[in-house]
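Participant: Please model the entire structure based on the sequences and the hints provided.
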Amino acid sequence: MASEKQISANRANALKGRGPRSVGGKARASKNATRHGLAAIIWKQASAVSSIEQLTQLFRADGYSEQNARLAAVVEYQTKSIRSVRSRIGVQIFEAADGRGPVETLAENLRRLQSIDRYEKRMASLKKRVFQEMQREI
Amino acid sequence: MKLLGPPALWRGESRNQYDAILLGMAISVGARDIIDWVSVNDLTYHVWDGRRLQTIKAALILAKQIEVIEGLLKSTYDQAGPERDAIYYISGVKNDARRWATDSEFGSEIDDRLAARGHDSASILARAYSLCATELQALDKAIADRELRRMASLREICRRDEFLARRLEQTSQEIIDGEFSEAGA
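These protein sequence lines map, in sequence, to chains A and B.
The numbers in the working numbering rise by one with no breaks, and the one at position 96 of the first sequence is 96.
Count along the second sequence from 1, then add 1000; that gives the number in the working numbering.
FYI, nobody ran anything at the bench for these hints, they're computed from the structure.
Hints are supplied without guarantee of correctness; some may be wrong.
What the hints assert, rightly or not - To be clear about the criterion: a stretch of chain A counts as covered by chain B if any three or more of its residues have a C-beta under 8 Å from a C-beta of chain B, and this derived list gives those stretches:
(1) 73-85
(2) 100-113
(3) 120-130
As the list claims (entries may be wrong) - Chain B stretches covered by chain A per the calculated footprint, using a threshold of three residues with CB under 8 Å from any CB of chain A:
(4) 1021-1029
(5) 1040-1052
(6) 1142-1155
Claimed, not checked - If you want the ones that stay clear, here's a sample from chain B, every Cβ over 10 Å from chain A, calculated:
(7) Ser1014
(8) Val1093
(9) Gly1107
(10) His1119
(11) Thr1134
(12) Glu1135
Just so you know, these numbers come straight off a predicted model, no measurement behind them.
C-beta atoms are modelled at their ideal positions from N, C-alpha and C, and glycine is treated no differently.
Facilitator: Structure, rendered in structure tokens:
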């Protein structure tokens, strides 16, 4: 067990910490709290913006309004993101269940799968509403 | 179909197989526009993911059965069977338990050996289930959730068809009304 002197020295040293200083370190640390990225602001990602733009054009091509087409594109993009995360977790669950991966991760990954369920529910509900709105406009 | 983008597949899963299901469903419901295609893609995904979850469940139960069989082979002895050396109980049982899962003939032999020691296949399965009860419960919930999503997608497609049917009915009624009013005038 650490002595009082050691504890106070550790605390003093901890106070000297200034966090990451390099650009790379700051970029990495900025993602420390990221679990799956599904709650992230998608407009900050260039690839998301371009995918959403393409999907918007698809909906627009079928005669839907710009506003609804864009909303539907965002929902579809988010749905795909959720499925990608589900897929990544699914592979880990399968490998753990199959004995190829660490068994300890099985319960944890099943919990993760359940925890992203709310994102999927939200998107499904939003998609339903947007599509109903779109059907009314045609 | 390509415009919908690549589906989120696992390593080793076939894109062609996924696309074949998607195309089959799209043709069966007569997908016309992007909304139909997205809805059918959702349905395909739910079917696909449900199948994955069932595969995981089967793999988990099998892995636990192997674990149980390995344990039983290690801890019990054949009364009238051949003498086995210590090496067998260290590494041989592991191989035998794994072979039980892949070689049906050998599997039957192991089943008979274990049955003779009082452990029939039903009790082995029950032990395997009890080893992963929590995980199975979570998987069953995930499977049930996926089924609910699939049903919701189906309802959406049906609702869309009903909507179209109503529009068709309304339009035809308008035409009939228009004809009568023209005839009356």
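Participant: For every hint, state whether the structure bears it out.
Facilitator: Going through the hints against the structure:
Figure legend: the region 73-85 of chain A, annotated as covered by chain B; annotation consistent (5 residues with Cβ-Cβ distances under 8 Å, at least 3 required). Interface restraint, the region 100-113 of chain A with chain B: holds (5 residues with C-beta to C-beta distance below 8 Å; minimum three). Taking a C-beta to C-beta cut-off of 8 Å, the region 120-130 of chain A contributes 4 residues in contact with chain B, enough for the three needed, and the coverage statement holds. Check on the region 1021-1029 of chain B: 0 of its residues sit with their Cβ under 8 Å from a Cβ of chain A, so the three-residue criterion for coverage is violated.
A stretch counts as covered by a chain when three or more of its residues have a beta carbon under 8 Å from one of that chain; for the region 1040-1052 of chain B and chain A the count is 4, and the coverage holds. As drawn, the region 1142-1155 of chain B meets chain A at 4 residues by the rule of a beta-carbon pair under 8 Å; at three or more, the given contact holds. Every beta carbon of chain A lies more than 10 Å from that of Ser1014(B), the smallest distance being close to 14 Å; the non-interface claim holds. The claim that Val1093(B) is not at the interface with chain A holds, since no C-beta of that chain comes within 10 Å of its own (minimum 16 Å).
Under the 10 Å C-beta cut-off, the non-interface status given to Gly1107(B) relative to chain A holds; the minimum distance is some 17 Å. Every Cβ of chain A is farther than 10 Å from the Cβ of His1119(B); the closest lies at roughly 21 Å, confirming the non-interface assignment. Listed as outside the interface, Thr1134(B) is inconsistent with that label: its C-beta sits roughly 7 Å from the nearest C-beta of chain A, within the 10 Å cut-off. Not every beta carbon of chain A lies more than 10 Å from that of Glu1135(B), the smallest distance being close to 6 Å; the non-interface claim is violated.
Consistency note: the structure conflicts with the earlier hints numbered 4, 11 and 12.
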